[in-house]
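Okay, here's what each chain looks like letter by letter:
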Amino acid sequence: MSTPDTGETILSAENLAIDYRTVYGTLSALNGVNLSVVKGESVSFVGDSGCRKSTLGLATVRLLPLNASYSGGRLMLDGKNVATMSNREVVSMRGSTAFMIFQDPLNTLNPVKRVDAQMLEAIRSRARHERVSFNEKEAQKEAVGKLEDVRMPDPESIITRYPHQLSGGQIQRVVIAMGLLMRPKLMIADEPTSALDVTVQAQVLKLLRELQREYNMSIIFITHDINVAYNICDRMAVMYAGEVVEYGEAGKVTRNALHPYSQALIKSVPRTTKDQGRLTTISGAPPNMLNPPDGCRFHTRCPYVMDICKLKSPSEVEKDGELVRCFLHGGTTG
Amino acid sequence: MVSNFGLFLTRRAINAVITIILLLALVFALLHILVPSPQAMARIITGNPRASPGALAAIIKANDLDAPVYVQFFRYVSQIFHGDLGTDTIYHVPEIQIMKEYLPITLELVVIGQIIGVLIGLYTGAIAAANRNRAPDYGMKALYLTTWSAPVFLVGFVMQLVVAYWLNLLPATGVVNPTLPPPAAVTGAPLSDALIAGNWVYFWSALQHLILPAFAIAVVGFGLVTRIGRASMIDALDRDYVKLAYMKGLSKGKVVWGTAFRNAMIPIITLVALLFAFSVGGAVIIEDVFAYHGMGYFTVQAIYNDDYPAILAFTVITGIAVILANFVADILYAMADPRVRLT
Amino acid sequence: MGLSSIFDHMIRRPIRATGQSAVKTGATTTKKREVKEGASFYLEYIRKDKLALTGAIIIGAFMVFALLEGIMQELASVLKQPSLGWRFLPTNPLALTFNLQFEPPSLARFPANILGTNYEGQSILSRILYATPHDATASVIVVGSAILIGMFLGTASGYFGGWIDEIMMRLTDAFLALPALVLAIAVAVLIGGGFTALLYALMIIWWPTYARFFRAQALTLRNKGYVEAAKLNGSSSLKILVRHIIPNSVDPIIAYATLDMGTVILTYAGLAFLGIGVSSGYPEWGAESAAGLQFFPLQWWYSIMPGVVIAVIVIAFTLIGDRLQDLIGGRTTY
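Protein chains in written order, with this note's numbering: chain A, 1 to 334; chain B, 1 to 343; chain C, 1 to 334.
Only chain A is shown next, with the shape it has when bound in the complex:
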């Protein structure tokens, strides 16, 4: 898929590879990732745990652990290569270009500081970056205003509390508000609703959708739940074992999944009536990325496995407006 003119593209990964150095050897986390996010669109990374979708998110903001390295390809955020950014560029990038929210509300906020203190930190940081003066009173008002924007009831009271006095849903709203305060072009949400009740989940998703339209903000939504992904994003990237196996418009991918893994994911969503029979599962287990199997990383669990799949790794091909990584749809060796 060719990248549209760079003014519009916020994030573009070109054949990106990321490795982890471990006690047991080098672990290949991401391999040959190609995707892009344009301004105002939302893309979701979908996959099971272990498929390294979080890694991709963390890589975008240079928050990978110390033993990680950008070992191949490029990751361009707003025109700059994340891997080669200087420390100063990284600091100014975080928040103003990209902002990330995390999964576990219990640990997301600093437990020893009040909510308003933490939100003011964000405003102060933004003021420094934009080289404008910082006024505490105005900042306080702005923080309360943002809490209203994220549909938080009674923001004046919330803002004086400590994180442990808030519920999970409230915390996520605070974090989203904090992100909005930074005015990022790209918001990365790493499973922000996985730890929440279903009803709260729905509220937060609705909120994100609305905010995306209001602010024309790009969103990357990382989730293991393909339902959620379908509901929130324009385009969907299905990941398996560190590779993007299918990438295309959300509706297309869900209605007409091309890659066997995507098909299996969609099939495994439980239906509403009990007459549908047994739940479908995918047999086998994710591969050990220290010693990845030869050939396609999914072949050990694939119902349509062919001989070539065991020997060679497929490259990405374009089909029906999507990118797929599977020999079933053509493609030469990677």
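Worth flagging that the hints you see were computed from the coordinates, not collected in a lab. Treat the hints with caution; some may be incorrect.
Once the Cα atoms are required to be at most 25 Å apart in a straight line, the calculated BS3-like pairs of lysine-lysine come out as [as the list claims (entries may be wrong)]:
#1 A:K185 to B:K141
#2 A:K206 to A:K185
#3 A:K141 to A:K39
#4 A:K252 to A:K206
#5 A:K267 to A:K319
#6 B:K252 to A:K80
#7 A:K252 to A:K267
#8 A:K310 to A:K39
#9 C:K239 to C:K224
#10 A:K319 to B:K254
#11 A:K80 to A:K141
#12 A:K80 to A:K113
#13 A:K39 to A:K80
#14 B:K141 to C:K50
#15 A:K137 to A:K113
#16 B:K141 to A:K113
#17 A:K185 to B:K254
#18 A:K185 to A:K39
#19 A:K80 to A:K252
#20 B:K141 to A:K137
#21 B:K141 to C:K48
#22 B:K61 to B:K141
#23 A:K252 to A:K319
Dock chains B and C against chain A, hints included.
Coordinates of chains B and C only, in the frame set by chain A:
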């Protein structure tokens, strides 16, 4: 919110008192298990292993040593709470008097030593954690490994040897230059009194004598603080709120010290209270090595002289001091961590 | 593997080594990683770390020599042949050879003078080696007894709860309020002199930390599924404790116990330094250091060397214990 904290304080205070009583029970129990007969107990009290039966009988009567156990225990506890810790068998004065004289000196030494140790330990622990598995981390690890593994007297000896004897930088023994007239006794501790009185000559001399033993005490605990501090810091650095702080565009310094460290410090407070017990134990030996005339030094003399009341008094005082230190630590912990304070 | 295999079938251990083994055929090498269990896992883990390995070697040598020397000393006293006591030592540690007085550490008369000689002209090395059985015995017996006592009291306290637990908590609180050294002094002085008396004193005061440990484990484990299952099966409390709770509690204790053995030696040396538990003629490490006090600083090696030896032994224990603790705490770093 204030009354919540007040409630917390009261609960903790009551807890401390109960623990003190239990401590006394423990000491009492050990005493009575290890010293089986009233006669043996009387012998301990007089400090004379060859006391006549008549003298022993008099002691037994005077101290109710043949009364039932619970009576004796009650007597014991009320004695302690009235400040009566027995009479010293060598100096023939009430133990409490001796304690009053020597305790401030040791407390000053231990507190200053611990402050130094904790500060250095926190700093090195944080550095080690932020530079995990790189050179500074390994350097710190080697440092705290050696200091923690060395016996207390070795630390003292090495310091004394190198700094006092070979380099001649500081005096090797003593609390202060004995020819100097002491300032008015307000706290009973040399540096503090000199500070309060503005007596700078005395202060300077006392300081010079304090530095080496204080650093020795610091070394006792420094290793543990670095270890736990490092672990606590690593734990804090892994948390999502640190990542969030980075996301807000805060610089590494602000995140490491302002956010992670602030959180990592909290369990250290409990550690410091634990360390206090350690340090007091170490003070006994350090005071011996440096001939620093505090409570520990006195206890060492008591050991040589079989002065049991002194040793027991020292044990009780130490225990109470540690429990009080823990109480203070509990309060500080509540002040630092809103989760404890506001639930 | 010997003793540990007795526990293996009773212990549910978490999976430590990651993933399955991957076997590559063809041109690439065959690489299979076994998942090790039990004691062999610990040993392999220690072997991998050079530092811990050094520590293990030192301790191994220490224990073996202490055992040997201890047996020889017993034989010497039983057979009334004192020279057996120093058969394996460079020189006679108890003989008065004033002509060799105060020789500084050197390579003369190797290896007798590595640590120098003392006032009586005796080789400090020989004297230190002569005293090893006491320290080795102390570390093993005190920690061993502390584990046993703590196991009974702590597990019962945590499992049954109620007022037993309350009493135990307060009791350990009281014990832990007193510094080990201070309490040891008080108890040892009351019991009287001698090595055995000192051992008893240490055993009396050492168990509370372990009781706390086991209590904490019991509290966590008593809610586990398999305990509930055993209860439903009608197993008696004793059976549950012995078959399920205790074997699963032992793991984290091992690392701490290793470190603790070093601590025992430090405390023991401290007490010996103060003259407690020292029988005349027996060159206890701490006592040797104290004896050198009067010759400080000119003959500094007399006081310093025993301390150095102690430090080396304790460092060795700490290296092993640290490594084990990293493993158990899951904080393995790369």
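* For the pair we were handed, K80 (chain A) and K252 (chain A), check the Cα-Cα distance against 25 Å. => violated, 31 Å
* To do: Could you grab the alpha-carbon distance between K141 (chain B) and K113 (chain A) and see if it respects the 25 Å cut-off?
  => Answer violated: K141 (chain B) to K113 (chain A) is near 31 Å, above 25 Å.
* For the pair supplied as a hint, K239 (chain C) and K224 (chain C), is the alpha-carbon distance within the 25 Å limit? -> holds, 15 Å
* Straight-line Cα separation of K252 (chain A) and K319 (chain A) no greater than 25 Å? -> At roughly 11 Å apart (the allowed maximum being 25 Å), K319 (chain A) and K252 (chain A) satisfy the hint.
* Asked: Quick one, are K61 (chain B) and K141 (chain B) close enough, alpha carbons at most 25 Å?
  -> violated, 59 Å
* **Restraint check for K267 (chain A) with K319 (chain A), where alpha carbons must lie at most 25 Å apart** => It holds: about 21 Å lies between the C-alpha atoms, which stays within 25 Å.
* Asked: Does the structure keep K185 (chain A) and K254 (chain B) at a Cα separation of 25 Å or less?
  -> Distance of about 24 Å is within 25 Å: holds.
* Distance restraint between K310 (chain A) and K39 (chain A), which requires alpha-carbon spacing of 25 Å or less -> Roughly 39 Å separates the two Cα atoms, so the pair is violated.
* Asked: Holds or violated: are the alpha carbons of K252 (chain A) and K206 (chain A) at most 25 Å from each other?
  -> holds, 22 Å
* Would the pair K319 (chain A) and K254 (chain B) pass a check requiring their Cα atoms to be no farther apart than 25 Å? -> violated, 48 Å
* Asked: Does K113 (chain A) lie within 25 Å of K137 (chain A) when you go C-alpha to C-alpha?
  -> Holds. K137 (chain A) to K113 (chain A) sits at ~18 Å (cutoff 25 Å).
* To do: Assess, step by step, whether the Cα of K206 (chain A) is no farther than 25 Å from the Cα of K185 (chain A), and give holds or violated.
  => Satisfied, since the Cα-Cα distance of roughly 19 Å is no more than 25 Å.
When each numbered hint is compared with the structure, violations occur for hints 1, 3, 8, 10, 11, 12, 16, 19, 20, 22.
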